[in-house]
Amino acid sequence: MAVRKAITLLLLGLWVLGAASAAPGAQPDLDKLANELATPATQKQALDTLAELDDSAVEVLLRAIKDGALYRLGTRLVTLGDDGGLKTVNDKPVLDDKGQPASLPDGSAPIPLGEEFFGVVQRILERFEIFSKDPSTRRATAIKLGNSKDAAVVPILTRARDQERDPAVKAVIAEQLAKLQLISPDPVVRAAAVRQFGKAKSETALAQLRTMLTEEKDPAVQRAVREAIESIESHVELRNMVGYAFNGVSLGAVLLIMSLGLAVTFGLMGIINMAHGEMLMVGSYTAYVIQELFSQHFAARQDYYFVVALPLSFLVTGLVGFLLEASVIRFLYGRPLETLIVTWGIGMIFQQAARLYFGDQTSVNSPTWFRGGIEAMPGLILPWSRIFIVVLALVVLGVLWWLLQRTYVGLRVRAVMQNRGMASCVGVSTRRVDAMTFALGTGLAGVAGCALALIGTVDPEVGKTYIVDAFMVVVLGGVGKLVGTVVASFGIGISNKLLEPSIGGTAAAVYAKVAILVAVILFLQWRPTGLVRQRGRAAAEAAG
Amino acid sequence: MSVSRREFLKGGLIAASGVAAGVGLPRILAAQGKEPIKVGVLHSLSGTMAISEGPIKEVVLMAIDEINKSGGVLGRKVEAVVEDPASNWDLFAEKSKKLLLQDKVACVFGCWTSVSRKSVLPVFEKNNGLLFYPVQYEGEECSKNVIYTGATINQQATPGVDYVMSPEGGNKKKFYLLGSDYVYPRTTNKILRAYLMKKKNVPEANIAEEYTPFHHQDYQTIIGKIKSFGAAGDACVINTLNGDTNVPFFKELANQGLTADKIPTMSYSFAEVELQTLDVKPLVGHLASWNYFMSIKSPENQKWVKAWKEWAKKAGMSDKQAVTDDPMMHAYVHVKLWAEAVKKAESTDVDKVLKAVENLQVSSPVGKYKVDAENHHTWKPVFIGKIREDGQFDIVKRTPEWVRPEPWSSVTYPERGCDWSKGGKGTFDKVQGKRVWLSEKQ
Numbered sequence: 000m001a002v003r004k005a006i007t008l009l010l011l012g013l014w015v016l017g018a019a020s021a022a023p024g025a026q027p028d029l030d031k032l033a034n035e036l037a038t039p040a041t042q043k044q045a046l047d048t049l050a051e052l053d054d055s056a057v058e059v060l061l062r063a064i065k066d067g068a069l070y071r072l073g074t075r076l077v078t079l080g081d082d083g084g085l086k087t088v089n090d091k092p093v094l095d096d097k098g099q100p101a102s103l104p105d106g107s108a109p110i111p112l113g114e115e116f117f118g119v120v121q122r123i124l125e126r127f128e129i130f131s132k133d134p135s136t137r138r139a140t141a142i143k144l145g146n147s148k149d150a151a152v153v154p155i156l157t158r159a160r161d162q163e164r165d166p167a168v169k170a171v172i173a174e175q176l177a178k179l180q181l182i183s184p185d186p187v188v189r190a191a192a193v194r195q196f197g198k199a200k201s202e203t204a205l206a207q208l209r210t211m212l213t214e215e216k217d218p219a220v221q222r223a224v225r226e227a228i229e230s231i232e233s234h235v236e237l238r239n240m241v242g243y244a245f246n247g248v249s250l251g252a253v254l255l256i257m258s259l260g261l262a263v264t265f266g267l268m269g270i271i272n273m274a275h276g277e278m279l280m281v282g283s284y285t286a287y288v289i290q291e292l293f294s295q296h297f298a299a300r301q302d303y304y305f306v307v308a309l310p311l312s313f314l315v316t317g318l319v320g321f322l323l324e325a326s327v328i329r330f331l332y333g334r335p336l337e338t339l340i341v342t343w344g345i346g347m348i349f350q351q352a353a354r355l356y357f358g359d360q361t362s363v364n365s366p367t368w369f370r371g372g373i374e375a376m377p378g379l380i381l382p383w384s385r386i387f388i389v390v391l392a393l394v395v396l397g398v399l400w401w402l403l404q405r406t407y408v409g410l411r412v413r414a415v416m417q418n419r420g421m422a423s424c425v426g427v428s429t430r431r432v433d434a435m436t437f438a439l440g441t442g443l444a445g446v447a448g449c450a451l452a453l454i455g456t457v458d459p460e461v462g463k464t465y466i467v468d469a470f471m472v473v474v475l476g477g478v479g480k481l482v483g484t485v486v487a488s489f490g491i492g493i494s495n496k497l498l499e500p501s502i503g504g505t506a507a508a509v510y511a512k513v514a515i516l517v518a519v520i521l522f523l524q525w526r527p528t529g530l531v532r533q534r535g536r537a538a539a540e541a542a543g
Numbered sequence: 000m001s002v003s004r005r006e007f008l009k010g011g012l013i014a015a016s017g018v019a020a021g022v023g024l025p026r027i028l029a030a031q032g033k034e035p036i037k038v039g040v041l042h043s044l045s046g047t048m049a050i051s052e053g054p055i056k057e058v059v060l061m062a063i064d065e066i067n068k069s070g071g072v073l074g075r076k077v078e079a080v081v082e083d084p085a086s087n088w089d090l091f092a093e094k095s096k097k098l099l100l101q102d103k104v105a106c107v108f109g110c111w112t113s114v115s116r117k118s119v120l121p122v123f124e125k126n127n128g129l130l131f132y133p134v135q136y137e138g139e140e141c142s143k144n145v146i147y148t149g150a151t152i153n154q155q156a157t158p159g160v161d162y163v164m165s166p167e168g169g170n171k172k173k174f175y176l177l178g179s180d181y182v183y184p185r186t187t188n189k190i191l192r193a194y195l196m197k198k199k200n201v202p203e204a205n206i207a208e209e210y211t212p213f214h215h216q217d218y219q220t221i222i223g224k225i226k227s228f229g230a231a232g233d234a235c236v237i238n239t240l241n242g243d244t245n246v247p248f249f250k251e252l253a254n255q256g257l258t259a260d261k262i263p264t265m266s267y268s269f270a271e272v273e274l275q276t277l278d279v280k281p282l283v284g285h286l287a288s289w290n291y292f293m294s295i296k297s298p299e300n301q302k303w304v305k306a307w308k309e310w311a312k313k314a315g316m317s318d319k320q321a322v323t324d325d326p327m328m329h330a331y332v333h334v335k336l337w338a339e340a341v342k343k344a345e346s347t348d349v350d351k352v353l354k355a356v357e358n359l360q361v362s363s364p365v366g367k368y369k370v371d372a373e374n375h376h377t378w379k380p381v382f383i384g385k386i387r388e389d390g391q392f393d394i395v396k397r398t399p400e401w402v403r404p405e406p407w408s409s410v411t412y413p414e415r416g417c418d419w420s421k422g423g424k425g426t427f428d429k430v431q432g433k434r435v436w437l438s439e440k441q
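Residue numbers (numbering that gives the first Met the number 0), protein chains in the order written: chain A, 0 to 543; chain B, 0 to 441.
Here are some chain B residues the structure puts well away from chain A; computed CB gaps all over 12 angstroms:
#, residue
1, Lys37
2, Leu60
3, Ala79
4, Ala193
5, Thr411
In the EDC-like style, the derived pairs of lysine to aspartate or glutamate whose C-alpha atoms are separated by at most 20 angstroms in a straight line are:
#, chain 1, residue 1, chain 2, residue 2
6, B, Lys385, A, Glu114
7, B, Lys37, B, Asp350
8, B, Lys197, B, Glu414
9, B, Lys308, A, Asp82
10, B, Lys117, B, Glu140
11, B, Lys261, A, Glu202
12, B, Lys261, A, Glu128
13, B, Lys197, B, Asp161
14, B, Lys305, A, Asp81
15, B, Lys296, A, Asp90
16, A, Lys86, B, Glu299
17, B, Lys97, B, Asp348
18, B, Lys319, A, Glu291
19, B, Lys296, A, Glu114
20, B, Lys385, A, Asp66
21, B, Lys198, B, Asp161
22, A, Lys148, A, Glu125
23, B, Lys335, B, Glu299
24, B, Lys261, A, Glu125
25, B, Lys296, A, Glu58
26, A, Lys132, B, Asp393
27, B, Lys280, B, Asp389
28, B, Lys302, A, Asp105
29, A, Lys169, A, Asp133
30, B, Lys335, B, Glu78
31, B, Lys143, B, Asp428
32, B, Lys68, A, Asp105
33, B, Lys199, A, Glu114
34, B, Lys280, A, Asp133
35, B, Lys424, B, Asp350
36, B, Lys296, A, Asp82
Just so you know, the hints here were simulated from the structure itself, not pulled from any lab data.
Ideal Cβ placement from N, Cα and C applies to all residues, glycine included.
Input sequences plus hints: build the corresponding full structure.
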């Protein structure tokens, strides 16, 4: 705060030197000004004076009256701090008769600020803000000034641009300056600004350029405007297509990672596990717990919680799955309806347990390296967290495929799932294989839950949002085949995201989902076995 | 916890009756003094709504405790009967019937969602009960048996829009109305659309409207649309998404680089409690409009926040979770309002209390606060807050005076009002300057 004040003071000092209007060295009489400000009749006059002054103490006074923290205590005017302490307008603590920190009597009303003056105060404070310490405040102020269509702000913006160190903010300020040049009376300046926007392919001024197209009188400028608009529009179209494709791939990866576990438990083993969503939830809460532990014990290494949480969520959820199989599910093999009802009940127990233990105010915050994204092309940012989920989904898929197809363990699993009796005859312990396969499937759900916490909610009911989609993917893909699950998830994801932008109305997200569901149902009417023909126990049972 | 409160209550009762006897009040009054006044608390403590309604229940209990500590009401203690309707709308109606008929409570503090309020409404009207409702809502309702303390549209939604259109709010000209698909966002946006087009001359092309289902998780496409919509930097999002869907929305918003300086989001269902469930840093600068913010600098608010933190600690909440927000403020104040009304009426009879509550003024964490003389809604100031890094709101605007409640928006129903004061029969339409009561139309 002190630094910020010093900077503001310094900058304002420089500014005043430029203007050289204020009497040098004259200390403003803050007490007198504050008193004028506190009297409704003289409030406007005081604000006019304050607008001229360049003193950081003005900021304290103005913020206080704007926040409703300016009070009258006896004859004095005092400001109320966040800690409940009182200070004079000159920033000195207020003491009572006994020399103790004074406090306000109950029912004290703050000095009101006329509604019509809020804007004035805000604008005076804004001048402090274009030179603020915080880059996002500077950027916001620049955009605000750029949209003001007021040529009077050009000098202050130019000065801000020259002083700006942060390249991102500097670019924004420059763009806002160019925008103000679009309304310059000089056609040469206008045309140059227009060309700059065309070259940058920036959507920022597209709307303004469109209105210029009809209003511009100068033929040279008009030609420049037309070219710039064409260049920007073709860029926007390309960018949108790339954006939709990425959205689709990203949704596909989300669907894939949430249904891989189900592809094992339902697809291979034929267990209708309605608690699959809750297994994801267990993974999410594992990430939450690890995050909280890190923030308590290794705050300096906070970001690394995720590195620990990801494998741990697999182990924890896998263990939960193992216990579930050993205690309940193994008694229900071959009885799909009972399994459905029992696992649904288990899911509800998990939900309420999570609510009782964690409450609802939980969130998993992405590690800082997953914040923001990569700017693939101007105006298109691909978030790191989504890129991560795509990569993770593919890695998990690869590992699962390798495990099932290329290892001895996988061979046993496939053997049991395809022909239980035969596998048992040749000495495979089917009990152990069942337990381990179910644990593997739930463990995968845990990994998914941990990863999805980066982009979604962590709350007791989060499982509900996943379960339907996961079943849809596995059923559409064809029960029992990994490749079907992959094709189905990316198919649904991409077609959903290509469809959604083209749907009008006020609930495109719902309609897109409905359309996809209808398409899936129709497809299953035509090919009940899904995209890829099933093999395995479920198929054998269905056939037998 | 409950045991200790009961013990305390017993002690208080003995003391109260002792005082009564000492002063020599008539025997009847002293006998009455032994019976505590029962009030109902009807907030979900399990299910989806528990996150929002749990703290409300606690703050109501805290207010009752404060009243009891300062001697109760009419020399009698106040006893809370807490029921958990478990976020189930049918259960709300059942539980309210139980509170009114079996427990014979003097009034009920309860409900959050509009659907829960609508489901208990017939019960309260049939049995002449009294409900205090603490949440901002879409309006277009005005029951004799309900005191609506939360904001009406003109006490939250339209001032929010006014702010983003003002120079200090960034002169926004385009509005993306995004909400969950249910009655509150749809009605609010219907009124906001009319307000923007009729009162503010915003062309229809500058308003976009979009709804997502509950628990919607994938906001990629919508954020993309918002980005194009607001490329010029003159747009804002008006957000009425409820509860948990705010999390994926704001996460996606931040990840795609839509910070508040480019396209600010003005939220109407997103306060301090919900903010604690998010990583605040990417949200800094986004806006909310409420009748209360925890960061209000007034001695009364600071005192209340402190008391709440102590109460929450006893209730086993962590310090991080012990925040106050707008619905909690209304819930706290309306308990005090009811107590004042009972004192004024010298009775807990619903009709007498309703009479006494008209125009009744109390002091509150936001300053003076009163019930309208006619329409059963309340007057209070409006604040606009900007999210700060510490998970609190920086107050960027406040109305200098309290704002009159309009249960029927003057934009969509310019001639409609509501009057329950003497001679009033509820909702009316003004036809050629004369009131035509809706109840008599049918």
